[in-house]
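Modelling step: build the complete structure from the supplied sequences, incorporating the hints.
Protein chains in written order, with the working numbering: chain A, 2 to 519; chain B, 3 to 308; chain C, 79 to 367.
Warning: the hint list may mix true and false statements.
[To be verified] Not close to chain B: a few residues of chain C, all C-beta gaps over 12 Å, as computed:
(1) L97
(2) G109
(3) G114
(4) S119
(5) G125
(6) A130
(7) G141
(8) I169
(9) Y191
(10) Q208
(11) S228
(12) Y258
(13) V267
(14) V271
(15) P279
(16) F282
[Said to hold, decoys possible] Only part of the chain A face toward chain C is listed, based on derived beta-carbon distances under 7 Å:
(17) V137
(18) A299
(19) A373
[What the hints assert, rightly or not] List of simulated lysine-lysine pairs, PhoX-like, C-alpha gap at most 25 Å:
(20) K327/A with K69/A
(21) K90/B with K121/A
(22) K90/B with K195/A
(23) K302/A with K327/A
Since the hints were made in silico from the structure, they are not lab data.
Cβ atoms here follow ideal geometry from the backbone N, Cα and C, with glycine treated the same way.
Now for the letters of each chain:
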Amino acid sequence: MKPWITGLAAASLAALPLAQGLAQSGTLTVGLGAEATIMDPTRSSAGVDSYFFGQMFEQLLRTDPDLKQINWLAESWNLADEGGKPVITVKIRPGVTFHNGDPVTSADFQYGMQRQQDPKLSRFSHLLNAVEAFEVIDDLTFRLRFKEGDGSFITSNLHLWAMPKRHIEKVGEEEYQRAPVGTGPWKFVSRTVKEELRLEAYEGYWNKQNRPTVKNLVIKIIPEDLTRVAAYKTGAIDWIDAVPPAATAEFAKLENTSTYTAVTGNNLFLNFNTHQPNSPFNDVRVRRAAAHAIDMDAIIKRVLFDQGERYAEIGRGTPGYDPDLKPYPYDPRRARALLAEAGHPRGFEVPCYNLTTPREPNIKEMGEAAYAYLSAIGIRCQIRQLEYGAWINLGRRDAPPEMDGIVSWMWSHGLPGDPGTPWLGHLHSYQAGKGLGSYSYTDNAEMDALLRQQQTTMDPVKREALLKQIARIKHDQVLGGLTTYRPMVTIAWRTSKVAFKPWPSPGFWRNFQEIGLK
Amino acid sequence: MLALVLRRLWQGAISILGASVIIFVISRLSGDPVVMLVPPDAPPSLIAEIRTQYGLDQPLVWQYLLFIGHALTGDFGNSYRWQMPALKLILDRLPATIQLAACGLLFSVALAVPIGVLSAVHRGGWIDRIGRIFAMLGQAMPAFWVGLLLILVFAVQLNWLPAFGHGTPAHVVLPAIALGWYPVAAQTRIVRSAMLDVLDSDHIRLSRALGTPERLIVWKYALRNAAVPLLTMLGVYFAAMLGGAFVVETIFAWPGVGRTVVEAVFSRDFPVVQAGVLFTSILFVLSNLLVDLSYGLVDPRIRDVR
Amino acid sequence: MSASTLPARRIPWAALRRLPWLPLLVLGAVGIAAIGGEAISPHDPNGLDLSASFKPPAWQDGGSWDYPLGADNLGRDILSRIMAGCGVSVIVAFYAILFSGSIGALAGMIAGYFGGRVDAVLMRLIEIQQSVPSIALALILAAAMEPGLSTVVIVIVLTYWAWYARIIRGEIMALKGRDYIAFARTAGVSTPVIFRRHLLPNIFNTLVVLGTLQVGQVILFEASLSFLGLGIQQPDISWGLMLSDARQYITNAWWGITMPGIAIMLTCLSANIFGDWLRDRLDPQMRQL
Chain A
2 MKPWITGLAA ASLAALPLAQ GLAQSGTLTV GLGAEATIMD PTRSSAGVDS YFFGQMFEQL
62 LRTDPDLKQI NWLAESWNLA DEGGKPVITV KIRPGVTFHN GDPVTSADFQ YGMQRQQDPK
122 LSRFSHLLNA VEAFEVIDDL TFRLRFKEGD GSFITSNLHL WAMPKRHIEK VGEEEYQRAP
182 VGTGPWKFVS RTVKEELRLE AYEGYWNKQN RPTVKNLVIK IIPEDLTRVA AYKTGAIDWI
242 DAVPPAATAE FAKLENTSTY TAVTGNNLFL NFNTHQPNSP FNDVRVRRAA AHAIDMDAII
302 KRVLFDQGER YAEIGRGTPG YDPDLKPYPY DPRRARALLA EAGHPRGFEV PCYNLTTPRE
362 PNIKEMGEAA YAYLSAIGIR CQIRQLEYGA WINLGRRDAP PEMDGIVSWM WSHGLPGDPG
422 TPWLGHLHSY QAGKGLGSYS YTDNAEMDAL LRQQQTTMDP VKREALLKQI ARIKHDQVLG
482 GLTTYRPMVT IAWRTSKVAF KPWPSPGFWR NFQEIGLK
Chain B
3 MLALVLRRLW QGAISILGAS VIIFVISRLS GDPVVMLVPP DAPPSLIAEI RTQYGLDQPL
63 VWQYLLFIGH ALTGDFGNSY RWQMPALKLI LDRLPATIQL AACGLLFSVA LAVPIGVLSA
123 VHRGGWIDRI GRIFAMLGQA MPAFWVGLLL ILVFAVQLNW LPAFGHGTPA HVVLPAIALG
183 WYPVAAQTRI VRSAMLDVLD SDHIRLSRAL GTPERLIVWK YALRNAAVPL LTMLGVYFAA
243 MLGGAFVVET IFAWPGVGRT VVEAVFSRDF PVVQAGVLFT SILFVLSNLL VDLSYGLVDP
303 RIRDVR
Chain C
79 MSASTLPARR IPWAALRRLP WLPLLVLGAV GIAAIGGEAI SPHDPNGLDL SASFKPPAWQ
139 DGGSWDYPLG ADNLGRDILS RIMAGCGVSV IVAFYAILFS GSIGALAGMI AGYFGGRVDA
199 VLMRLIEIQQ SVPSIALALI LAAAMEPGLS TVVIVIVLTY WAWYARIIRG EIMALKGRDY
259 IAFARTAGVS TPVIFRRHLL PNIFNTLVVL GTLQVGQVIL FEASLSFLGL GIQQPDISWG
319 LMLSDARQYI TNAWWGITMP GIAIMLTCLS ANIFGDWLRD RLDPQMRQL
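Here you go:
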């Protein structure tokens, strides 16, 4: 197994000149490969949005650099049971202020929740469906009452964001979208879409321990890989996001450069057509043959330049991770034998849909290689490339075209992530109009029952056991797809100039929680 | 003359209107934007809600009429992805694209004129051949490839010029070369043949006979006349630059309309695609209009040859 | 000038000696690779061998004559892929030119010959077509259809027919005034016959020149589309797709991005030089095109 953190500049993690008493000054320019579309967490529609609002907004809980959930804007919280219904009580950390100086109160969280529940504003309103009521106890205490259990609520850091109620009501929605105000370490200065975001360290930031020590931060958007690398090498930026996989080896050797590699929150797999009656993949032996056919380790090494980590059903650090579950070993002879046993001694032809999005480095090449391995044992792939828009249209069950072969798919729920919700999408059987199995080609009653059970189980220990149970069955039967790898991202910065401590989710290490000039 | 201008403007407006129908219909055939905007586990009710919000549940004809009605008042709708007015997104980027196109054009003319003149003067000689091959190279290489090689050599290896961004004159050099090399061949040909005609004319022969220095004859008297056909065609080349910008902007992360539209096509962001393509089309039509008018002024004979 | 006297279609033998041999040689090689296909290519162009990934060209350290021009990131032989790309380029160019040329020529002939309202409608269509930047139109078209070889051809035809139509229309308008056409009309010769006997032969040279000059443009256009991800798709192979795939390895393996680019450059340059030569021979009027 790969070390959890590779190529790490240990020195920068261990000690960082802390902010206390230090005057913040100077400007740091960093380069990102992707850009957030909006800056308001309520309106977020894509994972990349957190790159921007993650700097300016905060939640009650957060994941620390070791992927442990810690209290953040919450001073404390607890889960109780009242008459069979769950209740969460939260005490807000005192002394937290918004960038305009207003103190954060329960009303701001209530307002934040109301915004999230409004489908006109939020694309994630359904995630709060289980919440029955928000009770304000006092300025710093509130209570969430649930209709029924919601298994992913706690793993999602209690979902809520602190939104400045008074400020938004005063300036209006449009102005707020232009110039957001949050509680985070960085305060909005200006933004030029598709070019840059300028931020300034917030002097009144509550967390005196973990905060930036540089005054100005300029985030440049440079989507083109080669250009972004050139910008770093020429000194236009001093911190680079998403070093292209092919360049990671070179960056590791670059003078005066620290690199840091870690898994992103994405999880990739190949899914099979098992919903059409004549599909060869209805036979579990064919699915197992496919699992044995692909030399994923070679692909990770050669195609992904080691920027990937194999996983079996659930990745390390994610709820439900089971160290005893191992990926199927590469064994082409066994694969051929399984295929013959299933009645396909001479193999068969099948359409293989390959996602080609730039959102995930080398995913296209990875797919081409994996499909070539399948072809070699007799699952003869007719590769069809799909860009993101066409791909998602193919994958969903509620509209044509039908996914009639193999498709490369992924679920991305950040870190540590929770498999429950994505499984409801691609492992639970498809149920039209209910939001279940929207991208699923699997129909297994036992699975459905277990999945629904975990959905309402809030107790972390019980939930963990349930997730493990599902993962084992899923793995053994190769249901809901064949898990391949979790992509890794490498960032780099100039050692002599930048002091940086990577923070994980949300935003996959693009959170500039602790960064400064040397 | 005024009547001609008005007639051409009217025709241009009709063209743009026709173009708007085509862009509208084709972009809507390219798939459902809503599924790309919501998380994969979004319930169908949310998808339906957003579809209604954007008016995507209406019949196509009605959607178009609403779009064109609003567009005439300057409202191109909000970008699905950026949740801000599409028109603003495009207008903010228009100056950068015009700047890049102008610099590309400048680069091409700055190359084409000397090559054209020299190859006319040394007709059939090695300067003529090498000059023309160099000019033709631009027409034989994809602009994005030239761009990549330029970045590799001048930005990464030599570190002479910035590889991306915009703001200072240095930033525009590499993208302008990648964009401007393509039309050099055609422009060289125009300058060369015009120079050949002029150098053969009576008044140049007369100047020669009078003992005017050859350098003065070529670079001043002859070029002044030979430049006219190139000048009249500049609009066409400017329009071509706008088209080429779609690819070049993507390579150099140039914050222009082209790159914005390319991204919008992939995310099915119809309002931005419509606004972006329509505004490029308007620039296109205006440049071609200028060409037509200058043809009319200079030489009515070549009006239909393009 | 020479239109009414019908410039002979036979090429004088003296001119053969001045044929652009080098460009013709390149084009011939492309043609042979296209016809030969996988039968003459050293490797399966899609054959993947991860152990050979990024093998440098034969003359460099670590290279071998198994992979004369090196191998790409997935260990596929670059030479074989370039040869396979010849086929795609030839097919795309052939169909794109055939269809855009015929549609454009027909539209141009109809517009120029009939004039009046027909001409006005067709000209409006051409102007609408030409008011949208072709790469933008191509982008949304390619996104609307399933990307691939036939989509690329359709996109090119839709963007280029207007170019032919405009030029042919101009020529036909000039021809229409000639006495013998007017005579044929008054003599009651049917319109199809006039088109076939009198108009087509006169614009034939122009069409040949335009078609030759379009070869390079088609290849570049296809490359741009493939580069943006909306052109040729695996398992089909095109030079543009190869460039697009090799782009991210530009600093690891220079041969990946250089070799297909050189193939494009040589082919386009040869087609353009040959086109220029043809134009100077067949249609001196169009020198400025």
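Hint by hint, here is what the structure shows:
Under the 12 Å C-beta cut-off, the non-interface status given to L97/C relative to chain B holds; the minimum distance is some 16 Å. At roughly 18 Å from the closest C-beta of chain B, the C-beta of G109/C stays outside 12 Å, upholding its exclusion from the interface. The beta carbon of G114/C sits about 24 Å from the closest Cβ of chain B, which is more than 12 Å, so the claim that it is off the interface holds. Every CB of chain B is more than 12 Å from the CB of S119/C (nearest about 23 Å), matching its label as outside the interface.
Every beta carbon of chain B lies more than 12 Å from that of G125/C, the smallest distance being close to 26 Å; the non-interface claim holds. A130/C, annotated as away from the interface, keeps every beta carbon of chain B farther than 12 Å; the closest lies near 24 Å. The beta carbon of G141/C is kept farther than 12 Å from every beta carbon of chain B, the shortest such distance being approximately 21 Å. Separation of I169/C from chain B is adequate, the least Cβ-Cβ distance of about 19 Å exceeding the 12 Å criterion.
For Y191/C, the shortest C-beta to C-beta distance to chain B comes to about 15 Å, beyond the 12 Å cut-off, and the non-interface label holds. For Q208/C, the non-interface assignment is contradicted: its Cβ lies about 7 Å from the closest Cβ of chain B, within the 12 Å cut-off. Distance to chain B confirms S228/C as a non-interface residue, since its nearest Cβ pair spans about 16 Å, more than 12 Å. Non-interface call for Y258/C relative to chain B: holds, since the shortest CB-CB distance, roughly 22 Å, exceeds 12 Å.
The beta carbon of V267/C is kept farther than 12 Å from every beta carbon of chain B, the shortest such distance being approximately 26 Å. The beta carbon of V271/C is kept farther than 12 Å from every beta carbon of chain B, the shortest such distance being approximately 26 Å. Listed as a non-interface residue, P279/C keeps its Cβ farther than 12 Å from every Cβ of chain B; the least gap is roughly 20 Å. No Cβ of chain B approaches the Cβ of F282/C within 12 Å, the least distance being about 18 Å, so the stated non-interface status holds.
The restraint placing V137/A at the interface with chain C is violated, with a minimum CB-CB distance near 49 Å, outside the 7 Å limit. For A299/A, the interface hint holds, since its Cβ comes within 7 Å of a Cβ in chain C; the closest pair sits about 5 Å apart. Interface hint at A373/A: satisfied, since its Cβ lies 4 Å from the closest Cβ of chain C, which is below the 7 Å cut-off. Between the alpha carbons of K327/A and K69/A the distance comes to roughly 24 Å, so the proposed pair stays at or under 25 Å and holds.
Using a Cα cut-off of 25 Å, the hinted pair K90/B and K121/A holds, with the two alpha carbons roughly 22 Å apart. In summary, the hint linking K90/B to K195/A is supported, as the alpha carbons are separated by about 13 Å, within the 25 Å threshold. For the suggested pair K302/A and K327/A, the alpha carbons sit about 18 Å apart, so the restraint of at most 25 Å is met.
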